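**Student:** Heads up: the sequence lines are chains U and P, in that order.
The opening position of the first sequence corresponds to residue 1 in our numbering, with each subsequent residue numbered one higher.
The opening position of the second sequence corresponds to residue 347 in our numbering, with each subsequent residue numbered one higher.
Incorrect hints may have been included.
What the hints assert, rightly or not - To list a few chain U residues with every Cβ distance to chain P over 12 Å, as calculated:
| # | residue |
| --- | --- |
| 1 | Arg-148 |
| 2 | Leu-211 |
| 3 | Lys-215 |
Stated by the list, open to error - Straight line, CA to CA, 30 Å or less: simulated BS3-like cross-link-like pairs of lysine-lysine:
| # | chain 1 | residue 1 | chain 2 | residue 2 |
| --- | --- | --- | --- | --- |
| 4 | U | Lys-8 | U | Lys-142 |
| 5 | P | Lys-369 | U | Lys-290 |
| 6 | U | Lys-215 | P | Lys-627 |
| 7 | U | Lys-142 | U | Lys-32 |
| 8 | P | Lys-637 | P | Lys-369 |
| 9 | P | Lys-398 | P | Lys-384 |
| 10 | P | Lys-398 | U | Lys-215 |
| 11 | P | Lys-398 | P | Lys-369 |
| 12 | U | Lys-103 | U | Lys-8 |
Bear in mind the hints are in silico, worked out from the structure with no lab data behind them.
Source: prediction; values computed, not measured.
Here a beta-carbon is modelled for each residue, glycine too, at the ideal position from N, C-alpha and C.
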Amino acid sequence: MLDKTNNKMPPERLLQLDDVEVAFKTRDGLVKAVDGVNYHVDRGEVLGIVGESGSGKSVTVRAIMRLLARNAEEGNGEIRFNPDGDTEYRLDGLKRDSRLMRKLRGGRIGMVFQEPMTALSPVHSIGTQIMRTVMLHRRVGKEAARARAIDLLARVQLPQPERLIDSYPHQLSGGMRQRAMIALALACDPALLIADEPTTALDVTTEAQILELLKSLQQELGMAIVFITHNFGVVADIADRVAVMYLGRVVETGLVDDIFYNPQHPYTRALLGSIPRLGQKKQRRLSVIKGSVPDPYNIPSGCVFHTRCDYADPSVCSVRTPPRVPFERGQEALCHFAGNLPEAGA
Amino acid sequence: MSDASSKTVSMPDDVLISVRGLKKHFTVKGGKKGRELKVLRAVDDVSFDIRKGETFGLVGESGSGKSTVARLILRAYSLTDGQILFREHDGKVIDISSMSDKELRPVRREMQMIFQDPYSSLNPRMTLLDLIGEPMVVHGYSKDEIAKRVGELLSCVGLRPEYASRYPHAFSGGQRQRIGIARALALSPAFIAADEAVSALDVSVAAQNINLLQDLQEQFNLTYLFITHDLGMVEHISDRIAVMYLGQIVELGETDRLFSRPRHPYTEALLGAVPQPDPRKRSSERRGVLKGEVPDASEPPSGCAFHPRCAYATERCSAEKPALREVDGRAVRCHYAETLTLDGVGEGAEA
């Protein structure tokens, strides 16, 4: 596996995951939700994480934030985080309520979730929620925190921030709530913003607004973003690099252009082929990936994708774990035949 | 309350369903203390024809009234005004808008619906046999007939007939959606309304189910009303599309024409908002993002309902309501439909 020597991360590196494993103990046995995930995020870059449901993309970021469910069991993987360029923190092994984690979470790592209605408190005003975060991490008084909250609401382009600060989540529309949620996540100038499907519940027009907002905030504040989504269109729009996840593994990673125009893993290719693209000449049928995602109690042997793969060779793929095959510009694919597959038609 | 003249109804031979002047108004509480009553025009004067064997797409943001239209056609809601003409299998045209539940019963077997959420739309305490067979029980089939038909239907949608004795929890989201499709097919309908039928599914599974719907359409000569907010999907599956905004149709026409060369600014804005799976077409090269949000339907803007968000709006737009009229082979509700040059997507469109 990986060399777990304690060599430092390169200076541009903000976050690095090595062989992260998370399993859940359930009545029916152990479910390996994340099984050896490796990815990294450099300062100021946007990493898009795509995958179908059950691929472990959300569980992985919950491991970063130390917000895993209580029945979770972690392996020996490493999660390293260096928010300011001078101190490298090991997040793995930290308790959810440890002093350090409480300082980092909300302070150096901001979070935006899919459903702002359930992520925001319904009984506190938007302003109170932002002010509490600011006061907790910044040790400032109420006045200063309120001024900061108004400034943040203006930053996320909410109209009349002085008035909106005292409103409650139910008084806002879905798009405005998501903006408020982003303001809350940015309260303490995080080095890393984790956005878990932040636009999935929104209409396309609102989605476009939120994506534009995130992009401009990212440029302005220089933070890095981990953006989780199942929508390839959204990834293409916002990400610098992409990690494609399947059944608890990163099966391919690379620069956004390489992933879209030169995918090396059969799963990435198949996924890209199965989305109907706007403005494309109508083909009669969509290409599909056969079968469905296997259930996590019965993860296939060898390469986890072999049961659905068009190129699988049973004598190899169902037996041996595939290697990480490197390509140019940091692209990697977890496949026995990566680089030797027929030319992509996409 | 339809017209008295609805006794003699007719429509062109190739039309299966004709919706005319459809309205649905809800009364909602408004004002400071919630004591004032306001009228929310969820569907406000909507007319269109669905041709036999075609897939008619209905798109729009949430709150545009697209689901309400489907529910009205299936008479799940009573309508405020308008006509819904339906051609029965013997060719007779009937107006179902004012029929009683009893009169509707024979018509209902010809019109079915597929729902969005495959988890909440199947009763977890019923087996597939009961779930799929239920419509047949209602329509008086014998037990043996039902068991045989359920087996056939399961294989039609790509599930094994032996699964009939299982419960929905044993199936994945995509498979549950297939169970819903089998149930909709149980009474051999002519028409199926699919409301966000694949929106809750993963990409690869959604593609499988879309292909299934298209196969079934060919096999059973079905007519679909396909409602979705996914413009890529609706473009793929629909022959014609109606774009709705605040309870009204703003543009209606053939899919290729509508998408390659939209005539209504809202259609253009919707198309422009879709993130493309193509990093070289990032939104920096995209047209301006549509500003603001869908207004409250109980207090619609004056004039053209879209004017506060429209990039091309003039004074006339805030004063005068545009009518839906024929321009360039489609129906458009915009004062400037002839003169605007709007961007579409795909082959016929300018880059």
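**Student:** Tell me the hint numbers this structure goes against, listed in increasing order.
**Tutor:** 2, 3, 4, 5, 7, 9 and 10
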